[in-house]
Amino acid sequence: MSAASETTYTPTTKVGHITNFVDERVGGSGILREFGRKVFPDHWSFMFGEVALYSFVILLLSGTFLTFFFDPSMAETHYDGPYVPLKGIEMSVAYSSSLNISFDIRGGLFMRQVHHWAALLFVASVSVHMLRVFFTGAFRKPRELNWVVGGVLVILSMAAGFTGYSLPDDLLSGNGLRIIDGVMKSIPIVGTYLSFFLFGGEFPGTVIIGRLYVLHILLIPAIILLMVVVHLFMVVVHKHTQYPGPGRNDRNVVGYPLGPVYAAKAGGFFFIVFGVVALMAAAFTINPIWNYGPYDPSPVSAGTQPDWYIGWVDGALRLMPGWLLGLPMEWHIPLPWGVNTLSLNVLLPALVPAGIVFTVLFTYPWIERWITRDNREHHVLDRPRNVPTRTAIGVAGFVFYCVMWAAASSDLIATHFHVSLNDVTYWLRALFFIGPVLAFIVAKRVALALQRKDREIALHGRETGRIVRLPHGEYQEVHAQLDEYKRYKLVGYESPLPEAGIPNAKGIVDKKEKRRAMLSRFFFEDRVAPATPAELEAGHGHGHHEAVEAGEDTKAVSH
Amino acid sequence: MGNHSDGTPTSSDAVAKAGQNEVEKFQDPGLPPHRLRLADTDPRAAKRAERQVAALFVVSAIGTLLFFFAYFGIRLDDTIGTLRLQNLFLGLGTAFAMLGIGTGIVHWARALMPDHEVSEERHEIRSEEDRQAAVKIVDDIVDETGIKRRPLIRNTLLGALALAPLPAIVVFRDLGPLPGDALRHTMWDEGVRLVRDPTGTPIKASDVTIGSAFHVIPEGLNELHEGKLEEKAKAVVLLMRLNPEELNPSAGREDWGYNGIVAYSKICTHVGCPVALYEQQTHHLLCPCHQSTFDLTQECKVIFGPAKRPLPQLPIKVDAEGYLVAQSDFHEPVGPSFWERG
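So the sequences go chain by chain: P and Z. Counting along the first sequence from 1, when you hit position 82 you're at 82 in the numbering used here, and nothing is skipped either side. Counting along the second sequence from 1, when you hit position 90 you're at 90 in the numbering used here, and nothing is skipped either side.
Some clues are possibly wrong.
Below, in silico cross-link-like pairs of lysine-lysine (BS3-like), each with a Cα-Cα straight-line distance of 27 Å or less [claimed, not checked]:
#  : chain 1 : residue 1 : chain 2 : residue 2
1  : Z       : Lys25     : P       : Lys453
2  : Z       : Lys204    : P       : Lys87
3  : Z       : Lys204    : Z       : Lys317
4  : P       : Lys141    : Z       : Lys136
5  : P       : Lys239    : P       : Lys489
6  : P       : Lys489    : P       : Lys453
7  : P       : Lys141    : P       : Lys38
8  : P       : Lys444    : P       : Lys141
9  : Z       : Lys25     : P       : Lys444
10 : P       : Lys506    : P       : Lys444
11 : Z       : Lys25     : P       : Lys486
12 : P       : Lys141    : P       : Lys512
13 : Z       : Lys136    : Z       : Lys148
14 : Z       : Lys25     : P       : Lys141
15 : P       : Lys239    : P       : Lys141
16 : Z       : Lys204    : Z       : Lys228
17 : P       : Lys38     : P       : Lys489
18 : Z       : Lys204    : P       : Lys489
Just so you know, these hints were derived from the structure itself, not from any lab.
Full structure from sequences and hints, please.
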């Protein structure tokens with residue numbers, strides 16, 4: 001220390017004194033040196049993750065405000081507030097305090113609306129961010145674990161949403177809880193016990209709101225926060241991915257330095273997200289609980305809908321028939337101690353689709369790595385079209401989800417379009433199976449077609465819209481060659497070939513390798529090779545020609 | 001693309017055949033040359049951008065003032081109208097305040113801050129040198145603990161660690177009581193009057209005209225002090241009257257109704273929503289949550305949707321004063337299925 005203190009820096013300004021004081025104690029200079037100019041690639045699709053982070057911050061802010069006024073008690077009370085239609089009605093304290101937040105606290109309704117809109121936006125942005133990461137292949141090595149953390153965050157965001165949705169103890173959310181209770185009871189052996197433990201006895205009981213409250217304001221947000229920290233820490237370790245393009249490769253990262261441009265853009269974007277949520281909260285009513293009334297097990301309104309992110313599970317419950325071709329989907333199993341009931345009509349739709357989606361989601365990076373034998377680090381993203389099979393798998397999964405999601409609105413579809421509810425359900429049941437297959441085929445063909453279009457443009461230039469009449473009367477369009485930067489974006493991708501199985505030490509291609517070879521064919525058999533300089537050179541003969549006899553390339557490609 | 005690519009893999013050489021070798025590739029031309037923005041070259045444009053950014057910040061400040069105006073200036077009375085008005089202006093104020101700052105900063109960054117993209121090397125996530133050092137450290141630590149040489153310590157520790165979390169699970173036992181036979185009984189019993197939900201007025205058989213439907217609770221439910229919602233969640237009943245010829249009671253259930261009046265549990269046998277929609281013409285009951293459909297003329301058999309079991313019927317009769325009463329409790333558990341149901 002003595003050696004260092006000889007050259008101790010003495011600040012001259014007041015701000016300098018304070019900064020120096022802190023810096024000497026926490027080592028801020030080192031941190032700033034490391035991160036102050038860290039490079040971040042920029043692309044509009046990277047904003048989804050930011051939206052998710054910012055809506056989470058908004059949720060923490062608005063949620064904290066709400067906790068000061070909300071009382072999660074299920075004790076009985078009679079409403080005595082300014083909202084006339086509910087005066088004197090018996091209700092829980094939780095519902096009554098939610099009404100008070102809306103009607104008595106200035107800005108309370110605004111905060112409720114901000115909180116609810118931000119919650120819907122949070123789950124949406126997390127989901128869309130996940131789709132972006134999937135379709136661009138950002139989950140590949142070294143980011144597999146961060147993909148898993150992201151998957152956990154999707155589940156947590158839905159859990160946070162559902163627990164919060166139930167808190168006001170209104171008629172709509174109470175019916176949602178009742179459905180949860182019914183689903184829970186269908187779990188073999190332990191279901192009834194789980195239900196009694198969760199609700200502290202028979203549904204609805206008097207403790208569930210308080211318990212969900214603790215989960216909603218403490219446990220779940222704490223775990224989300226922890227996961228967000230882990231997520232961002234890994235982003236720093238890995239550095240951000242970047243889209244392919246000239247000058248970008250797996251060894252560098254191209255973008256704006258954190259300070260000032262990136263920090264300003266990202267920081268400013270927080271205010272924009274907040275502003276948009278505030279605008280929605282100002283203009284669009286969300287969850288008007290005073291219209292629903294307090295929870296009562298008897299009434300229910302037609303056209304009930306859960307919040308959007310629970311829709312797909314609710315839709316799956318609607319799609320499953322209780323009787324399938326005359327066979328009951330609820331079984332009574334005779335066992336030595338008596339008959340037990342296995343309610344597959346509830347259990348299967350509640351567990352299987354979600355199970356499929358999350359199993360594939362969590363394991364996909366390893367599945368693809370196994371099939372492709374690709375153990376390299378990837379920091380340059382794939383354009384979705386350049387990996388047709390993965391893109392098709394993603395679209396198939398998305399359609400699978402959307403069919404279930406649409407099924408959660410089957411009654412509204414029927415009433416809005418004046419069609420039979422039963423027909424809507426039959427169609428959706430069929431689409432549940434056919435939809436993903438069709439989506440896979442269509443998406444793959446579209447991706448291949450887009451690749452061909454890229455190839456076409458790379459080799460023959462873009463259409464200029466200039467029509468020329470040739471001496472013999474033919475009309476043709478002049479094509480303009482791309483500059484090398486634009487062309488590189490279209491041709492700079494890998495297009496692996498399917499691999500045959502590798503024989504083992506005994507020279508035999510074992511079953512596992514055969515399976516891998518089969519999947520490799522499935523993955524890479526249909527491919528569009530990136531254009532090569534030789535092809536461009538070959539085309540240039542035409543191209544030169546083109547300048548004179550514009551449009552010769554037409555023949556060149558469609559031979 | 002019109003006829004430029006006819007698309008079929010066989011007719012276009014665009015699709016490489018399997019087994020064809022990788023051919024030479026285009027070389028990366030490197031980062032494209034930086035293009036200057038208008039504000040970089042024209043001081044007037046830069047000045048204009050500066051003024052725009054400042055204007056956006058002023059918009060933000062006005063938004064904050066608008067918030068205060070809405071908070072203090074709009075008095076809430078007992079109408080939804082003023083509430084909505086206040087909410088609108090609080091929201092608009094906040095939105096302007098936030099969007100002004102946000103768009104201002106972003107505009108500043110895009111128009112005036114340097115927009116040179118820079119390239120940085122990525123670092124190895126794990127170097128081989130670090131790996132070897134780490135392995136060495138772990139080996140040393142493990143060696144110093146002697147855990148490999150002293151299996152007794154290791155095994156007893158593992159055993160203790162396996163047992164230690166169990167109390168943390170057991171301690172949750174008192175979250176709720178055991179189910180017992182709670183799901184098998186409701187408030188209904190012989191002679192309990194059927195009363196209207198929610199008023200609690202009894203129903204005379206003569207009040208129930210053909211085609212009508214009543215939402216029914218057991219008499220005495222409204223007077224309960226404890227467990228009212230829990231009892232209601234099991235006991236709610238739909239009462240309907242049809243032409244007696246339209247009902248087709250099975251053997252043993254012929255006298256469960258009275259003169260075409262029948263009572264069925266309102267709790268869906270799927271996951272427990274109230275089956276609240278009665279279609280008078282078709283005599284179908286529809287659950288609005290998941291659209292299970294029950295046919296009243298077939299003892300509420302499931303004719304569509306995810307439910308499997310018919311709605312349980314409540315046997316009813318008429319007491320000496322002409323009021324509808326229950327003959328007994330339901331003969332089976334109401335609501336969703338559960339493992340022990342049988």
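Now for the hints, and whether the structure bears them out:
no.	hint	result
1	Z:Lys25 / P:Lys453	holds (18 Å)
2	Z:Lys204 / P:Lys87	violated (31 Å)
3	Z:Lys204 / Z:Lys317	holds (11 Å)
4	P:Lys141 / Z:Lys136	holds (26 Å)
5	P:Lys239 / P:Lys489	holds (22 Å)
6	P:Lys489 / P:Lys453	holds (13 Å)
7	P:Lys141 / P:Lys38	holds (21 Å)
8	P:Lys444 / P:Lys141	holds (24 Å)
9	Z:Lys25 / P:Lys444	holds (24 Å)
10	P:Lys506 / P:Lys444	violated (38 Å)
11	Z:Lys25 / P:Lys486	holds (15 Å)
12	P:Lys141 / P:Lys512	holds (23 Å)
13	Z:Lys136 / Z:Lys148	holds (16 Å)
14	Z:Lys25 / P:Lys141	holds (24 Å)
15	P:Lys239 / P:Lys141	holds (13 Å)
16	Z:Lys204 / Z:Lys228	holds (24 Å)
17	P:Lys38 / P:Lys489	holds (25 Å)
18	Z:Lys204 / P:Lys489	violated (81 Å)
Figure legend: structure checked against the earlier numbered hints; hints not met, in rising order: 2, 10 and 18.
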